[in-house]
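Number of protein chains: 2
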Amino acid sequence: MRQSELFTKTRRETPKDEVSKNAELLIRGGFIHKEMAGVYAYLPLGLRVLEKIKNIVREEMNKIGGEEIIMTTLQRKELWEVTDRWSDEKVDVWFKSSLKSGAEVGFGWSHEEPITEMMKNFIGSYKDLPVYVYQFQTKLRNELRAKSGIMRGREFVMKDMYSYTTDEESHKKFYDSVVEAYHRIFERVGLGEKTFLTYASGGAFTDFSHEFQTVLPTGEDTIYLSREKKVAINKEVLQGGVLEKLGLKKSDLEEVAASEVGNIFSFGGAKSEALGLFFKDESGKSLPVTLGSYGIGITRLMGVVVEALSDEKGIVWPESIAPFRVHILSLGEKLKAKAQEVYNKLNEVGIEALYDDRDISAGEKFNDADLLGLPVRVVVGEKHEGKLEVKNRKTGEEKLETVESLVHSLK
Amino acid sequence: MRQSELFTKTRRETPKDEVSKNAELLIRGGFIHKEMAGVYAYLPLGLRVLEKIKNIVREEMNKIGGEEIIMTTLQRKELWEVTDRWSDEKVDVWFKSSLKSGAEVGFGWSHEEPITEMMKNFIGSYKDLPVYVYQFQTKLRNELRAKSGIMRGREFVMKDMYSYTTDEESHKKFYDSVVEAYHRIFERVGLGEKTFLTYASGGAFTDFSHEFQTVLPTGEDTIYLSREKKVAINKEVLQGGVLEKLGLKKSDLEEVAASEVGNIFSFGGAKSEALGLFFKDESGKSLPVTLGSYGIGITRLMGVVVEALSDEKGIVWPESIAPFRVHILSLGEKLKAKAQEVYNKLNEVGIEALYDDRDISAGEKFNDADLLGLPVRVVVGEKHEGKLEVKNRKTGEEKLETVESLVHSLK
Chain Z
1 MRQSELFTKT
11 RRETPKDEVS
21 KNAELLIRGG
31 FIHKEMAGVY
41 AYLPLGLRVL
51 EKIKNIVREE
61 MNKIGGEEII
71 MTTLQRKELW
81 EVTDRWSDEK
91 VDVWFKSSLK
101 SGAEVGFGWS
111 HEEPITEMMK
121 NFIGSYKDLP
131 VYVYQFQTKL
141 RNELRAKSGI
151 MRGREFVMKD
161 MYSYTTDEES
171 HKKFYDSVVE
181 AYHRIFERVG
191 LGEKTFLTYA
201 SGGAFTDFSH
211 EFQTVLPTGE
221 DTIYLSREKK
231 VAINKEVLQG
241 GVLEKLGLKK
251 SDLEEVAASE
261 VGNIFSFGGA
271 KSEALGLFFK
281 DESGKSLPVT
291 LGSYGIGITR
301 LMGVVVEALS
311 DEKGIVWPES
321 IAPFRVHILS
331 LGEKLKAKAQ
341 EVYNKLNEVG
351 IEALYDDRDI
361 SAGEKFNDAD
371 LLGLPVRVVV
381 GEKHEGKLEV
391 KNRKTGEEKL
401 ETVESLVHSL
411 K
Chain C
1 MRQSELFTKT
11 RRETPKDEVS
21 KNAELLIRGG
31 FIHKEMAGVY
41 AYLPLGLRVL
51 EKIKNIVREE
61 MNKIGGEEII
71 MTTLQRKELW
81 EVTDRWSDEK
91 VDVWFKSSLK
101 SGAEVGFGWS
111 HEEPITEMMK
121 NFIGSYKDLP
131 VYVYQFQTKL
141 RNELRAKSGI
151 MRGREFVMKD
161 MYSYTTDEES
171 HKKFYDSVVE
181 AYHRIFERVG
191 LGEKTFLTYA
201 SGGAFTDFSH
211 EFQTVLPTGE
221 DTIYLSREKK
231 VAINKEVLQG
241 GVLEKLGLKK
251 SDLEEVAASE
261 VGNIFSFGGA
271 KSEALGLFFK
281 DESGKSLPVT
291 LGSYGIGITR
301 LMGVVVEALS
311 DEKGIVWPES
321 IAPFRVHILS
331 LGEKLKAKAQ
341 EVYNKLNEVG
351 IEALYDDRDI
361 SAGEKFNDAD
371 LLGLPVRVVV
381 GEKHEGKLEV
391 KNRKTGEEKL
401 ETVESLVHSL
411 K
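Chains as they are written, first to last, in the numbering used here: chain Z, 1 to 411; chain C, 1 to 411.
Note that identical chains are pooled: a pair holds if it fits in a single copy or bridges any two copies.
Derived pair list, reagent style DSBU-like, types lysine-lysine, alpha-carbon separation capped at 35 Å:
#1 Lys391 x Lys313
#2 Lys127 x Lys391
#3 Lys9 x Lys77
#4 Lys127 x Lys336
#5 Lys77 x Lys54
#6 Lys411 x Lys54
#7 Lys54 x Lys96
#8 Lys16 x Lys52
#9 Lys52 x Lys411
#10 Lys34 x Lys280
#11 Lys96 x Lys16
In short, the hints are calculated from the structure, not lab data. Keep in mind it's a predicted model, so treat the numbers as computed, not measured.
Sequences are here, hints too, so could you generate the full structure?
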């Protein structure tokens with residue numbers, strides 16, 4: 001894409017009403033726009049990142065048998081009363097409103113109830129199981145405070161997956177495959193080394209649940225980490241039997257701040273029982289379906305990537321989710337034809353490039369390139385006898401290339 | 001995809017609470033699930049159709065210079081008060097709620113205001129124009145009644161595009177390019193022959209606006225149609241100067257029921273002026289930006305396709321938006337290996353197929369295939385010396401093919 005055609009602009013000044021690094025950098029780069037606290041629109045560059053993250057997650061969910069659906073924002077009061085999660089005393093993040101008829105409706109902050117209720121139409125026998133479904137849903141949560149940019153919003157995109165199985169054994173097997181898929185996802189979005197499977201409190205049904213936590217100085221959680229065993233324990237359960245279970249000593253663990261990027265829960269049969277989702281087993285006996293839920297906050301994950309990987313100059317996108325892989329900068333009118341040639345060549349071989357063809361100073365272009373954080377910067381300038389200056393945004397490594405050698409090295 | 005792995009099932013009985021053909025067929029086929037009146041979830045097959053429609057629209061919007069973004073559901077009261085569209089007397093489809101702080105918020109039923117407000121960050125000079133942006137947004141509208149299935153919902157997906165230009169002339173040029181893009185879209189989703197550019201009432205800023213209306217017996221509008229000139233007039237403006245303008249006589253026009261599938265509006269500079277979106281022209285003079293808006297109801301369009309193209313046996317999807325292009329039916333255990341071979345061959349060459357590998361009767365498979373409406377049905381049976389029975393869902397045309405000749409004819 002030509003940068004002159006992009007309607008967004010970068011800003012030099014820090015937005016006054018933002019305290020989080022992710023919102024600050026993303027707003028300055030024109031990736032997002034703040035509508036109100038915790039509520040952000042995604043502009044062309046930001047939407048490209050979001051869609052790339054979604055596609056990575058989608059591929060991994062499909063690989064383990066997930067079927068994609070999309071549930072609704074509007075929610076029926078009656079359904080949530082069944083599980084006693086309608087009242088504001090029980091769930092304090094509901095947005096609620098009324099239909100013209102006067103009937104109260106809520107706005108989806110979670111979808112376990114409606115998906116499980118729906119499954120009553122499709123699950124009746126053990127032959128119908130297992131079922132694994134997932135969606136990318138815009139969740140609305142009436143949070144009291146929202147100061148963490150896109151890391152904790154009142155409106156945010158979440159991937160939530162639900163598993164319906166016959167028993168604990170088949171549940172456990174799928175649960176393990178989700179753990180593996182989550183590891184692959186965090187690896188692919190560039191957070192693999194910083195992200196750890198973490199034992200957390202399990203709610204009513206199990207001793208522990210699992211979270212995935214990314215080590216981050218600005219993270220809201222405290223975890224105790226064994227880098228050696230690649231596992232962590234959330235502070236909230238450190239006193240339990242979890243150390244023993246994992247064969248760890250507290251003194252060997254590192255206390256670090258971290259941010260939760262994924263969570264997985266086992267509900268056993270309790271939620272299905274409450275909602276009336278039963279199946280007949282091979283002997284004709286009626287049993288509640290075993291339920292698991294598996295979340296990744298997609299917009300949150302994008303915020304964590306920005307917080308974890310940026311430097312003092314701006315964002316550093318991993319190649320897998322960068323809005324474009326290459327940023328071409330032409331320095332001066334005379335070099336536009338050459339820059340255009342580079343741009344055309346990259347397009348021809350399918351390498352996504354943003355071409356800064358704007359009539360602004362070289363200094364402004366360099367600053368914008370650092371802020372936007374595309375992995376490979378290609379400067380078309382007058383030095384170096386016509387060779388291109390190619391710089392790696394992450395490592396700072398520079399080298400000189402011809403158009404041909406650049407294409408070759410990127411392919 | 002193997003049909004045995006699809007969690008949805010078809011239903012023979014008509015849902016008791018639906019009066020529209022689109023909802024009836026889509027629910028029976030397992031494409032959608034009703035959450036409440038006018039609020040539907042999209043299940044795997046339905047989501048595939050929806051995404052294909054979105055991709056066609058996306059391609060055409062990108063082709064005319066559109067940049068994709070995604071705005072927010074949550075809306076600030078203060079912003080909508082500026083244009084006097086907050087109060088329930090002025091806009092009767094708002095869903096509203098409150099933040100914990102007590103501040104009122106609305107849920108987006110339209111996005112002209114927030115997008116135009118946001119553009120104040122990016123538009124200051126004639127050099128920043130034109131800007132064309134669009135989004136696929138889930139709109140929430142508190143409709144009094146919702147009986148038309150996915151054709152008029154309380155929650156629905158809309159593509160809305162907005163153009164920001166310097167003057168009427170550049171606006172008109174873009175407006176015309178949208179008209180052409182819309183014609184291409186309706187052609188590509190299979191409604192080209194039934195869909196007409198229609199003159200409708202123009203609101204405060206222009207004599208007429210344009211709608212795209214699809215001729216449909218169950219449509220909620222009445223239009224007067226000139227098939228010869230490929231243009232129509234909405235009943236609401238038939239008495240104006242529109243006949244003269246178009247060189248038409250009322251007696252030559254055909255009165256038909258139709259359903260609106262797209263609309264385009266010119267706002268001139270009024271909305272920008274109200275919201276404070278001005279630009280400096282070449283002489284340094286401050287002028288309001290000229291605004292146009294261009295909508296296509298994506299879920300509605302899916303509903304109209306179902307209503308317009310189905311027959312007594314079920315849905316008839318056009319190839320461009322069918323969830324799968326081919327439906328393979330294996331009749332009996334002995335033929336599974338052969339059916340699997342056909343399925344593998346089609347996968348290899350990238351032809352999307354649904355393979356009905358379920359252990360149910362041939363009659364049930366035939367009925368389901370008709371209901372689901374995939375364009376090409378391939379029966380792997382015992383007759384015809386091993387040849388495949390290939391039937392076109394739309395025309396009913398049947399022929400015998402080998403695996404090789406089938407692949408060849410579909411490529």
